[in-house]
Amino acid sequence: MITFDRVSKRYGEGHDALREVSVEIDRDELVFLTGHSGAGKSTLLRLIMLMDRPTRGRVLVDGRDLAGVGPRGIPRHRRDIGVVFQNHQLLFDRSVFDNVALPLVIAGFDHREIGRRVRAALGKVGLHERERAMPVTLSGGEQQRVGIARAVVGRPKILLADEPTGNLDPALSAEIMRLFEDFNRVGVTVLIASHDLVLVSRLHHRILTLREGRLVRGSAP
Amino acid sequence: MSSRREGASRSRTLLAHRLAGWLQHHRLSAADSLLKVLDNPFASVLTWLVIGIALALPVGLDQVMDNAGRLGASWDHPAQLSLFLREDIDGAQAQALAARVAGRADVEAASFLARDAALEEFSTLSGFADVLASMPQNPLPNLLLVTPAPGLEDAALLQALHADLAALDEVDEAVLDMAWLQRLRGLIDLGRRAALVLGAMLVLGVVLILGNTIRLSIESRREEIVVVKLVGGSNAFVRRPFLYTGLWYGSGGGLVAGLLVWGALWYLGEPVARLAALYGSSFELAGPGVMGVLNLVILGGLLGLAGAWLAVARHLSAIEPGAGRA
Ligand SMILES: Nc1ncnc2c1ncn2[C@@H]1O[C@H](COP(=O)(O)OP(=O)(O)OP(=O)(O)O)[C@@H](O)[C@H]1O
Ligand SMILES: [Mg+2]
Numbered sequence: 001m002i003t004f005d006r007v008s009k010r011y012g013e014g015h016d017a018l019r020e021v022s023v024e025i026d027r028d029e030l031v032f033l034t035g036h037s038g039a040g041k042s043t044l045l046r047l048i049m050l051m052d053r054p055t056r057g058r059v060l061v062d063g064r065d066l067a068g069v070g071p072r073g074i075p076r077h078r079r080d081i082g083v084v085f086q087n088h089q090l091l092f093d094r095s096v097f098d099n100v101a102l103p104l105v106i107a108g109f110d111h112r113e114i115g116r117r118v119r120a121a122l123g124k125v126g127l128h129e130r131e132r133a134m135p136v137t138l139s140g141g142e143q144q145r146v147g148i149a150r151a152v153v154g155r156p157k158i159l160l161a162d163e164p165t166g167n168l169d170p171a172l173s174a175e176i177m178r179l180f181e182d183f184n185r186v187g188v189t190v191l192i193a194s195h196d197l198v199l200v201s202r203l204h205h206r207i208l209t210l211r212e213g214r215l216v217r218g219s220a221p
Numbered sequence: 001m002s003s004r005r006e007g008a009s010r011s012r013t014l015l016a017h018r019l020a021g022w023l024q025h026h027r028l029s030a031a032d033s034l035l036k037v038l039d040n041p042f043a044s045v046l047t048w049l050v051i052g053i054a055l056a057l058p059v060g061l062d063q064v065m066d067n068a069g070r071l072g073a074s075w076d077h078p079a080q081l082s083l084f085l086r087e088d089i090d091g092a093q094a095q096a097l098a099a100r101v102a103g104r105a106d107v108e109a110a111s112f113l114a115r116d117a118a119l120e121e122f123s124t125l126s127g128f129a130d131v132l133a134s135m136p137q138n139p140l141p142n143l144l145l146v147t148p149a150p151g152l153e154d155a156a157l158l159q160a161l162h163a164d165l166a167a168l169d170e171v172d173e174a175v176l177d178m179a180w181l182q183r184l185r186g187l188i189d190l191g192r193r194a195a196l197v198l199g200a201m202l203v204l205g206v207v208l209i210l211g212n213t214i215r216l217s218i219e220s221r222r223e224e225i226v227v228v229k230l231v232g233g234s235n236a237f238v239r240r241p242f243l244y245t246g247l248w249y250g251s252g253g254g255l256v257a258g259l260l261v262w263g264a265l266w267y268l269g270e271p272v273a274r275l276a277a278l279y280g281s282s283f284e285l286a287g288p289g290v291m292g293v294l295n296l297v298i299l300g301g302l303l304g305l306a307g308a309w310l311a312v313a314r315h316l317s318a319i320e321p322g323a324g325r326a
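Going down the list, the sequences are from chains A and B. Using our numbering, you'd call the opening residue of the first sequence number 1 and step up by one each time. Using our numbering, you'd call the opening residue of the second sequence number 1 and step up by one each time.
Keep in mind that the hints were calculated from the coordinates and are not lab data. All C-beta atoms in this analysis are idealised placements derived from N, C-alpha and C, irrespective of residue type, glycine included. It is possible that part of the hints are untrue.
With a cut-off of at most 20 Å between alpha-carbon atoms, the simulated SDA-like pairs for lysine to any residue come out as follows [unchecked claim]:
| hint | chain 1 | residue 1 | chain 2 | residue 2 |
| --- | --- | --- | --- | --- |
| 1 | B | K36 | B | E223 |
| 2 | A | K124 | A | N184 |
| 3 | B | K36 | B | W309 |
| 4 | A | K157 | A | M134 |
| 5 | B | K36 | A | L91 |
| 6 | B | K36 | A | S95 |
| 7 | B | K36 | B | V50 |
| 8 | B | K36 | A | V23 |
| 9 | A | K124 | A | R155 |
| 10 | A | K157 | A | S37 |
| 11 | B | K36 | A | M134 |
| 12 | B | K36 | A | R94 |
| 13 | B | K36 | A | V105 |
| 14 | B | K36 | A | F92 |
Residues from chain B that face chain A, not an exhaustive set, calculated with beta carbons under 10 Å [to be verified]:
| hint | residue |
| --- | --- |
| 15 | L28 |
| 16 | E224 |
| 17 | G232 |
| 18 | S234 |
Not close to chain A: a few residues of chain B, all C-beta gaps over 10 Å, as computed [stated by the list, open to error]:
| hint | residue |
| --- | --- |
| 19 | Q137 |
| 20 | L168 |
| 21 | D169 |
| 22 | V197 |
| 23 | V226 |
| 24 | V227 |
| 25 | L230 |
| 26 | V231 |
| 27 | L260 |
| 28 | E270 |
| 29 | L294 |
| 30 | R314 |
| 31 | P321 |
Produce the complete structure using the sequences and hints provided.
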């Protein structure tokens, strides 16, 4: 589903965020991405959703070389990918409901369908009573879960998550991970960047480890 | 076979769904941006006034020129010829000449004003009675007042008639009194051109003002644009609310302009009518009318769209999620 073929990413003058990364992630997989701060985890995710382009090498998603996706194709490409961001990226002047509904509004669903799906997604992350709340009135963990609901509401083929449990207590973290496993079971390819080695190693999924931009573990399934 | 038909009908309902979703987003964007505009009444009213005044100036000037043109045209006999008769022509001869001239196809009427009658009228009207009475003889000549046939507004035809009448034996001098008309027409022409130049400059100004307003609103919603693009919003999707914002500002400004012009003409209408009555005319100032105001609203809306488009084309594509860090 996701293929990196000798991908390097160099920022500005000579700083290599990724070096010669090659990896293959299958459709039915849930994969963890770990590494020290600055190892290149976020960079790798950004390349998949075309927030950045590789300096060298090829990235393929669903068999398609992303080098061939031009500016006009980017929105379509992103609609197939749900993303949970390291810093939530919520809209603070809109309610929880409107935040989660955004991908559906963009995809052009009618409002009844939007209402149904948004409530289902909020129910999954345990926030069904907070749909009218504004994001600022939520705790960090609750905001994170709103971000997760928004990422899955459009039923994407791929789910990317950057530190999705960064603000959560262990119990909630474990629950969120179980949620990701649920999505994976219904056929969503899931890639999670996380520092939480304890949690990650308990879950028995493939682990990719980056060090200084190099993939040092987990390149083969 | 049937499965293919099924597929076709499914893709058709899918298309219908897309269309419905697209229309829905248009409605949402329109309503949302209107609410945002109304949410900030002070700034919005200021924008509307600026645009309204900028549009009202040239349109008002043009309206005044329109009225002046109507005034010129409504003058029943815009030109009149005065024939000063030779000294040795007496009243009877003058009457005969008047009848002859009045018989021409291009003349509506010719009336004889005897020199004595003219002197009397002049002395009562001018208040120079004493001066005139002390003169040894009447200084005024016999006069024939000729009114050209209606429809003889064309300057060339008038000139021809003038030449014909001047060539008559009995006529000492023929004066065609149309200089004022030409002056008025010249002024109206000048006024119209001024309105056009002013209009072009102010229209450009309105587009730039609106472009700048939209640019500020793009800047203030930068984060939101980034997020929308991150979850797959296309440029068209991101653009839509800003175009509607431009439309609301522009059409609101057009409405203000229409009301300003209408109000100004209403304010002038009364004194103009009184002045016209003094001249025995029933001339009335014409306002922009409902259609005129509507046209201004539409024009304002189009200018707003143009300004928004300018700002959006220039600034929106520069906001990409890649530039920052996720
Ligand atoms: N836009 C950018 N411009 C320049 N350098 C960048 C940019 N984005 C990332 N980097 C650099 O690339 C390297 C990898 O960054 P990245 O964000 O991928 O790390 P990370 O593994 O996600 O770290 P963390 O766990 O702290 O989030 C870092 O050294 C960072 O400074
Ligand atoms: Mg990171």
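Exercise for review: With 10 Å as the threshold, tell me whether V226 (chain B) passes as away from chain A on beta-carbon distances.
Suggested key: violated, 8 Å
Exercise for review: With 10 Å as the threshold, tell me whether E270 (chain B) passes as away from chain A on beta-carbon distances.
Suggested key: E270 (chain B) clear of chain A: closest Cβ-Cβ about 51 Å, beyond 10 Å.
Practice item. Decide if the proposed pair is consistent with the structure: K124 (chain A) and N184 (chain A), CA atoms, cutoff 20 Å inclusive. Key: holds, 14 Å
Point to revise | Closest CB of chain A to the CB of Q137 (chain B) still more than 10 Å away | key: Holds, since 95 Å exceeds 10 Å.
**Study point:** Beyond 10 Å from each Cβ of chain A, as asserted for L260 (chain B)
**Key:** L260 (chain B) clear of chain A: closest Cβ-Cβ about 35 Å, beyond 10 Å.
Check your understanding: For D169 (chain B), is the shortest beta carbon distance to chain A beyond 10 Å?
Key -> Nearest chain A Cβ is 88 Å from D169 (chain B), so the label holds.
Review point. Does the claim that P321 (chain B) lies off the interface hold, with its Cβ farther than 10 Å from every Cβ of chain A?
Key: violated, 5 Å
Exercise for review: Could you let me know if the closest chain A CB is still more than 10 Å away from the CB of L294 (chain B)?
Suggested key: Correct as stated: the minimum Cβ-Cβ distance to chain A is 33 Å, above 10 Å.
Review point. Minimum Cβ distance from E224 (chain B) to chain A below 10 Å?
Key: With a minimum Cβ separation of about 6 Å from chain A (threshold 10 Å), the hint on E224 (chain B) holds.
Check your understanding: Within a Cα-Cα threshold of 20 Å, do K157 (chain A) and S37 (chain A) meet the stated pairing?
Key -> violated, 28 Å
**Study point:** Residue hint S234 (chain B), partner chain A, criterion CB-CB below 10 Å
**Key:** holds, 4 Å
Review point. Holds or violated: are the alpha carbons of K36 (chain B) and E223 (chain B) at most 20 Å from each other?
Key: Measuring from Cα to Cα gives roughly 17 Å; hence the hint holds.
Checked against the numbered hints above, the structure violates hints 4, 8, 10, 23, 24, 25, 26, 31; every other hint is satisfied.
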